[in-house]
Amino acid sequence: MAIDIHWIRDNESLAQFCSEWQQLPFVALDTEFMRVDTFYPIAGLLQIGDGKRAYLIDPLTINAWQPLAALLENPAVLKVLHACSEDLEVLLRLTGSLPAPLFDTQLAAAYLNLGFSMGYSRLVQEVLGIDLPKGETRSDWLQRPLSETQISYAAEDAVHLAEVFVELRPKLSADKFAWVLEDGAELVANLRRETDPYEVYREAKLAWKLSRAQLAVLRELCAWREKEARARDLPRNRIVREHSLWPLARTQPDNLAALGKIEDMHPRTVRQDGQFLLDLIKRSGSVGPDQWPPAVPEPLPIEAAALIKQLRALGQAEAERLGIAPELMLRKKTLEALVKSGFPEGPYQLPDSLRGWRRELLGQKLLDSLATAGEQP
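Reminder that position 23 of the sequence shown reads as 23 in the working numbering, one-by-one numbering, no gaps.
By construction, these hints were calculated from the structure, which means they are not laboratory data.
Cβ atoms here follow ideal geometry from the backbone N, Cα and C, with glycine treated the same way.
Careful, some of the hints might be misleading.
[What the hints assert, rightly or not] Listed next, with one range per pair, are the computed distances between beta-carbon atoms: (1) PRO267 x ARG312: 42 to 50 Å; (2) LYS209 x ASN113: 21 to 29 Å; (3) ALA189 x TRP292: 29 to 37 Å; (4) PRO145 x GLU194: 30 to 38 Å.
[What the hints assert, rightly or not] Below 27 Å or equal to it, Euclidean Cα-Cα: the simulated BS3-like pairs (lysine-lysine) are: (5) LYS261 x LYS309; (6) LYS309 x LYS205; (7) LYS282 x LYS205; (8) LYS205 x LYS365; (9) LYS261 x LYS209; (10) LYS365 x LYS340.
When you get a sec, could you build the whole thing from the sequences and use the hints?
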């Protein structure tokens with residue numbers, strides 16, 4: 001089946017089509033981008049499907065994105081994407097806006113129990129019975145002209161995404177449809193909450209093994225690395241490699257030779273930023289106890305595994321009752337945060353990450369289950 005493709009290569013055409021799309025109940029949206037040597041993704045192509053044709057928007061020739069931003073923010077037009085966390089980054093970088101309301105077809109498939117975390121090709125095969133050609137995901141989306149294969153791949157994505165939505169939407173109950181949108185809004189909110197560079201150290205590998213004085217150094221190193229990655233638009237590991245952070249904070253080298261011997265330390269980092277790093281380590285290593293961050297809690301002991309398993313089973317039983325993919329119910333991090341809040345004696349507290357319908361349906365059941373576990377001999 002030949003796909004009707006329409007190119008949009010200038011600001012005026014984009015504005016004109018955006019005002020037409022504002023009248024639609026939904027648009028399907030996809031992006032192609034490159035992210036090899038940069039912190040931020042570079043948009044190579046945007047695709048919009050309206051259910052009939054594919055519109056290919058060239059971000060290399062357009063610079064007035066306000067009309068698209070207005071479409072993304074229009075509450076009357078549903079934006080349909082698939083497994084969209086990186087697409088959201090592309091849209092935010094390009095337009096300054098994020099889609100609301102957002103319907104993620106990967107989430108919808110999980111709510112219909114078709115499978116969790118389904119790839120796009122598999123979903124299209126499952127729902128539409130169409131075998132997509134192997135992807136062009138590895139190709140160069142910044143080259144011009146794009147190849148015929150790239151163009152047809154991108155156009156098919158937009159058209160089939162709209163068709164998948166049309167098939168899935170009526171199968172979702174009012175509750176499940178609302179939950180798909182709630183999870184979509186959560187994805188958007190998470191991206192809007194830009195990471196505080198001074199909180200990054202809490203996620204660093206082995207941070208819990210460091211003293212509070214050493215954590216003061218780790219905090220500064222991680223914050224500097226995060227800010228520099230953004231400012232230089234380079235991947236974090238090109239600033240300082242992940243595996244070097246912990247030994248840097250633990251041993252606190254005070255000369256370039258010692259810095260160069262740190263595990264996984266790239267010679268380029270020593271050359272470019274070595275002296276700065278030594279000064280930063282010296283400065284943050286000498287602050288007083290009143291400026292030390294709180295200790296990072298240890299990982300849960302092995303004994304907590306049985307408790308986590310018990311809570312996960314509770315979530316799975318609820319998922320079975322609702323007919324949704326069990327992985328949707330309780331994320332591993334949420335369960336760990338819940339158990340950490342009171343292990344081993346209790347009382348336990350529901351973590352902030354357990355929100356919305358999950359908290360309503362499961363919050364009290366989880367706390368009751370933990371209370372009963374605590375009463376057992």
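Outcome of the hint check:
{"no.": "1", "hint": "PRO267 x ARG312: 42 to 50 Å", "result": "holds, 45 Å"}
{"no.": "2", "hint": "LYS209 x ASN113: 21 to 29 Å", "result": "violated, 41 Å"}
{"no.": "3", "hint": "ALA189 x TRP292: 29 to 37 Å", "result": "holds, 31 Å"}
{"no.": "4", "hint": "PRO145 x GLU194: 30 to 38 Å", "result": "holds, 36 Å"}
{"no.": "5", "hint": "LYS261 x LYS309", "result": "violated, 42 Å"}
{"no.": "6", "hint": "LYS309 x LYS205", "result": "holds, 24 Å"}
{"no.": "7", "hint": "LYS282 x LYS205", "result": "holds, 22 Å"}
{"no.": "8", "hint": "LYS205 x LYS365", "result": "violated, 32 Å"}
{"no.": "9", "hint": "LYS261 x LYS209", "result": "holds, 21 Å"}
{"no.": "10", "hint": "LYS365 x LYS340", "result": "holds, 17 Å"}
This entry does not satisfy hints 2, 5 and 8, going by the numbered hints stated previously.
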